[in-house]
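Residue numbers (the working numbering), protein chains in the order written: chain R, 78 to 300; chain L, 4 to 235; chain S, 430 to 630.
There could be a bad hint or two in this list.
Derived EDC-like pairs (lysine to aspartate or glutamate); straight-line CA-CA distance at most 16 Å [claimed, not checked]:
hint, chain 1, residue 1, chain 2, residue 2
1, S, 517, R, 265
2, S, 516, R, 205
3, S, 517, R, 91
4, S, 462, S, 592
5, S, 517, R, 123
6, S, 517, R, 156
7, R, 294, S, 481
8, S, 529, R, 91
Simulated from the structure, these hints should not be mistaken for laboratory data.
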Amino acid sequence: MNFLNKIIFFYYREYKLNMSGAQDILTNIIFFFVSIFIFIFSIGPDKQTISIIGVGILWTLLLLSSTLSLRKFYQDDFENGNLIIMHLNGLSFGFIAILKTFSHFIFVQIPFLLSIPIACILLNIANDKLFYLFASFGIGSLILSCLGSISSSMNLMNQRNFLLGSVIIMIFSVPIIIFSVGIINMEESFNSLINILFGILLIVFAINPWASGLCLKLSLENN
Amino acid sequence: MKFLVNPSKFNEMADYIFKPVLILSIILFAIGLLFSFYLSPDDYQQGSSVRIMYVHVPSAWLALLTYAIMTLYSIMALAFRIPFGFIFNTAVAPIGAVFTLICIISGSLWGKPMWGTWWVWDARLTSVAILFIIYLIIIFMNLSFENRIVREKVVAIFVLVGSVNLPIVKFSVDWWNTLHQPATISKLSKPSIDPSMMTPLIIMTFAFIMIGIAIAILRIKTEIISRKSYLS
Amino acid sequence: MLIVKDLSVERINKKIFENINLSLTPGNITILKGKNGSGKTTLLKTMLNIIEPSAGSIFWKGKLLKRNFYDFYNHTTYIADTTSSLKKLTVKDNVNIWRKFFISNINDAQIEMALKTLKLDNYLNKKVATLSFGETKKLEFLRLIIENKKVWILDEPLSNLDEDSIELMKQTFEDHSSKEGSIIFSSHQNPGIYVTEEIEL
């Protein structure tokens, strides 16, 4: 029971923290919409072209804007010592990584998920594709959160070149992009592709606590 | 086999074999280039440009092989706490990157006359490009961490995570229907390549391996010296 | 309780400290003295099983700390030299988060008392970022009361405090040690706090 309480109040804390900095999340979403505008200005407002490449643009921008907030993933808690305090409160580093991953998913990715319908209107994507977009982004964003946890915990001690963290995520998100965009463009093979995506999610989810926990421990040890 | 995991044993062995390896690689390169330019036939379809294969294929193999060995050493270093694995990773990553770069450049030189473009977005090419970027990330990681202990472990973890790309590179031609031709040489079946082309290919592969080993020896020795006080 | 035996810690090329022996028994107060960079924080973090020692061992209740560290954590409050309070939130929010997160059995009246003695009761609805450095430090000590645990591990608790607060800390320490608690804290000088053991690094 104690353990469950700890988890609940971990999320209470994350909620308070994220609500006090809600403008950060909103800035991410504004970045997302502004980049859609930029894209449309740069390729011209031709409806036909936009509806063909719309899904690709949407996914690319979702990926780019969710990597923007990566720096905050562990950095704040690492610098003010809260990671140690959470660990002293009985949560192992791997478990902290899992909790943080879900927190990132809830507070950063879900707002994107909610803003997808508006983006679909802007990009002329047909309504019947909305379900496929939601399904693929729901799974894909959780994969992105896991990858984000791994790469930002790797780069905790990297003061010089933090952009490397974003590059790592973008490299590993190539298969996710391939399969997610595939889901939307080839609706007849929806089941098989979503299963592949789900498989990737399970693999990444299994690696995440191990790799992030190790990196967190390492960074705290050598800080 | 202790010299593969022990820095001081490696140093002894390296002094012993460095010159032979270097001379062997020069000889093999001379023979191999002679074979590939003058003593092997033109392809009936591809003409003389098939000779690019004798650089392209060995460098691609070695790019993969280097990464595979780095993965093995990362596992050893992380699981069995053998610091030589970290030394190996730091030293060898640029060599792998260069092999990958040679592979990509020679491949696109080969692609221009054959396919009509320098680059196509096909699974094999893309996955090799990703392999190259992974090598670059490893090199940059090695440069951008202040703390060495964190750096080498993080790099080893990254090598492990990045090794998922290896099977994708290897099997991309079988899994997806691509422009890149499937592997012509495999152990299990009779190779679908003519012996007259096989000979220079094998010689060139060994030449690449030897030059790779020679450079690796130099780089690993430098790395060992640079962290001498840590190991003694 | 906690016994540290022949502990040494090494970083990349240099030894930080060697052969430290100490023990935390109920009722004693240990001070850790040393210059800047002598490894006080490192020693405290090693005792918390965050940094691995290169030699020596730490025992908690007769077992190796490595095997038993969650039990040790259940009895320990650690206050680092950084401030762990969340800067974006108000003092009240911080206190509430800590109370819930540590599943504290302290009631509202006690918290109010503590806030009053720390002279923080006027700042309840202010953000932590607007407090002065000494005040955030005092807010940090509120965790000692909220967590209500036996072993206190404090890293530089007395720096940046005024004389009144140091006097307060003195009383708190004596109170805690009389209640069978044990304290270890690091400081580069001792401003007259009663200690039972002194370790020079």
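Hints, verified against the model:
A hinted pair counts as satisfied when its Cα atoms are at most 16 Å apart, and residue 517(S) with residue 265(R) does not qualify at roughly 49 Å. A C-alpha spacing of about 45 Å is found between residue 516(S) and residue 205(R), which places the hinted pair above 16 Å, so the restraint is violated. For the proposed pair residue 517(S) and residue 91(R), the alpha carbon gap of about 12 Å is at most 16 Å, so the pair holds. A threshold of 16 Å between alpha carbons decides the hint, and for residue 462(S) with residue 592(S) the separation of about 20 Å lies outside it, so the pair is violated.
Under the criterion of a C-alpha separation no larger than 16 Å, the hint pairing residue 517(S) with residue 123(R) is inconsistent with the structure, at around 45 Å. Pair hint residue 517(S) plus residue 156(R) holds up; C-alpha atoms about 15 Å apart against a cutoff of 16 Å. Straight-line distance between C-alpha atoms of residue 294(R) and residue 481(S) comes to about 10 Å, which keeps the hinted pair within the 16 Å bound. Of the pairs offered as hints, the one joining residue 529(S) and residue 91(R) holds, with about 13 Å between alpha carbons and a cut-off of 16 Å not exceeded.
Taken one by one, the earlier hints fail for this structure at numbers 1, 2, 4 and 5, listed in ascending order.
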